[in-house]
Amino acid sequence: MSESIERVVRELKRPVAVSPDLDAKVMAHVLADVRTPVPVRRLWLWPALAVAAGLALLLFLPRGKDVPFTLVAPQASSVSVVGDFNDWKPTPLVKNRAGAWEARVRLAPGQYNYAFVVDGSRWVADPAAPRNAVDDFGSPNSVVTVAL
Amino acid sequence: MIKALLIALLVPAIAAGQAPAVQAIIDSAARAGLPTRPLVEKALEGSAKHAAPDAIAAAVRALAGALADARSALGTATTDELNAGAVALRLGARPEDLSRLRAARSGGNLVVPLGVLSDLVARGVPVDTATRVVVALAANGDDEYLAFRQRVDRDIDLGAAPIGSVIGALNSSGRSALQSPGKKP
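Chains as they are written, first to last, in the working numbering: chain A, 1 to 148; chain B, 1 to 185.
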């Protein structure tokens, strides 16, 4: 019993062989751990992205309203609407079952001149809308005002 | 350069004959700080309607002059406000009327009030009356302006005289009569 205790004591007292560059190795590991970026849960990132996306939508989505344009012309073979909002290039209307021609155009707030072109050549002001009393070209326009 | 290209591409009739004249007007307007988009739209309208090049140039020139007058009357204004003001001026409204409306509705957008003014004139309401009405309603919101105009339209469609329909619409909006400019009922 005492012999085994003595053996343990001898073992404990035996000088430990330590590499002379141990300190340097330990410090290298410590520094490496410090420099390694610790993954942080950036919980703020997703709400920030959502807010940024919302702002982008507000900025870049076309503002305004879908404005209906309607002309009752059951005998017409085609009707289009032209105006400030489409650079006076025809936007075709679609004929419904009742013989009325319809289209909806998304317009930003503002005031727009427009007219209908029936069968590709006949210019018609919208009978259901105010007319622009300024008629520069001998073919009256209607006016639509889209509020903010 | 961009404007010239736009005109040349979009307005064949102008490109054929009057491009220099229209382009000069638009360039001059741009140098004066006026919005050029309404002028381009006017040229496009003339082209789409197969108007004579001289008529297109005259219309663009008239609009440019009205835009300049509208800016003088309104001061700082958006393109839409200047455009609406130009139409009102060409219908006979006076620059001081626009200034008064700006003062009465300071901070508010004038597109709808000026649009309603033009609409009323187009329906046969004398321009002086229409101007006084629009100024008198300056405290209202855009929706109320549009509702007012709809009431006038409805009454005219039902056979009322334009001025009578304006008075009727004023009465139903809580105003007993046309007020002197700037006065509240």
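No lab work stands behind these hints: they were computed from the structure. Just so it is clear, CB atoms sit at the ideal spot from N, CA and C, and this is done for glycine as well. Take the hints with a grain of salt, since some may be wrong.
Here are the simulated lysine-lysine pairs, DSS-like style, with alpha carbons at most 30 Å apart [claimed, not checked]: (1) K89(A) to K65(A); (2) K49(B) to K65(A); (3) K95(A) to K65(A); (4) K13(A) to K49(B); (5) K25(A) to K13(A); (6) K49(B) to K25(A).
Covered by chain A, according to a simulated footprint, are these stretches of chain B (three or more residues, beta-carbon under 8 Å) [as the list claims (entries may be wrong)]: (7) 101–115; (8) 119–126; (9) 132–139; (10) 152–164.
Label pairs and their computed distance ranges (CB to CB) [claimed, not checked]: (11) A48(A) to D54(B): 50 to 60 Å; (12) D128(B) to P90(A): 32 to 42 Å; (13) A98(A) to D27(B): 25 to 35 Å; (14) Q150(B) to T91(A): 48 to 58 Å; (15) G54(A) to N171(B): 37 to 47 Å; (16) A98(A) to A52(B): 20 to 30 Å; (17) A147(A) to A62(B): 40 to 50 Å; (18) L49(A) to H50(B): 32 to 42 Å; (19) A52(A) to G75(B): 52 to 62 Å; (20) N171(B) to L49(A): 50 to 60 Å.
Comparing the hints with the structure gives:
This hinted pair checks out: K89(A) and K65(A) have alpha carbons roughly 20 Å apart, not beyond 30 Å. Between K49(B) and K65(A) the CA atoms are separated by roughly 27 Å; this keeps the pair inside 30 Å, and the hint holds. Straight-line distance between C-alpha atoms of K95(A) and K65(A) comes to about 22 Å, which keeps the hinted pair within the 30 Å bound. A C-alpha spacing of about 110 Å is found between K13(A) and K49(B), which places the hinted pair above 30 Å, so the restraint is violated.
Distance hint between K25(A) and K13(A) is fulfilled; the C-alpha atoms sit about 25 Å from each other, no more than 30 Å. Using a Cα cut-off of 30 Å, the hinted pair K49(B) and K25(A) is violated, with the two alpha carbons roughly 87 Å apart. For the region 101–115 of chain B, the proposed coverage by chain A is satisfied: 5 residues have a C-beta within less than 8 Å of a C-beta in that chain, meeting the threshold of three. A stretch counts as covered by a chain when three or more of its residues have a beta carbon under 8 Å from one of that chain; for the region 119–126 of chain B and chain A the count is 4, and the coverage holds.
By the rule of at least three residues with a Cβ nearer than 8 Å to a Cβ of chain A, the coverage given for the region 132–139 of chain B is violated, with 0 such residues. Here the region 152–164 of chain B counts 1 residues with a CB under 8 Å from a CB of chain A, which misses the bar of 3, and the coverage is violated. One distance hint, 50 to 60 Å for the beta-carbon pair A48(A) and D54(B), holds here, with the actual separation near 58 Å. Separation of D128(B) from P90(A) is about 38 Å and conforms to the stated range, judged on CB atoms against 32 to 42 Å.
Taking the beta carbon of each, A98(A) and D27(B) are about 49 Å apart, not inside 25 to 35 Å as hinted. Here the CB-CB span from Q150(B) to T91(A) is close to 25 Å, at odds with the stated 48 to 58 Å. The supplied range of 37 to 47 Å is met by G54(A) and N171(B), whose beta-carbon atoms lie about 45 Å from each other. A hinted range of 20 to 30 Å is violated for the C-beta pair A98(A) and A52(B), which are about 39 Å apart.
At about 27 Å, the CB distance of A147(A) to A62(B) disagrees with the hint of 40 to 50 Å. Evaluation of the 32 to 42 Å hint for L49(A) and H50(B) yields a failure: the beta carbon distance comes to about 52 Å. For the pair A52(A) and G75(B), the supplied restraint of 52 to 62 Å is violated, since their beta-carbon distance comes to about 35 Å. Under the hint 50 to 60 Å, the C-beta atoms of N171(B) and L49(A), about 55 Å apart, fit the expected range.
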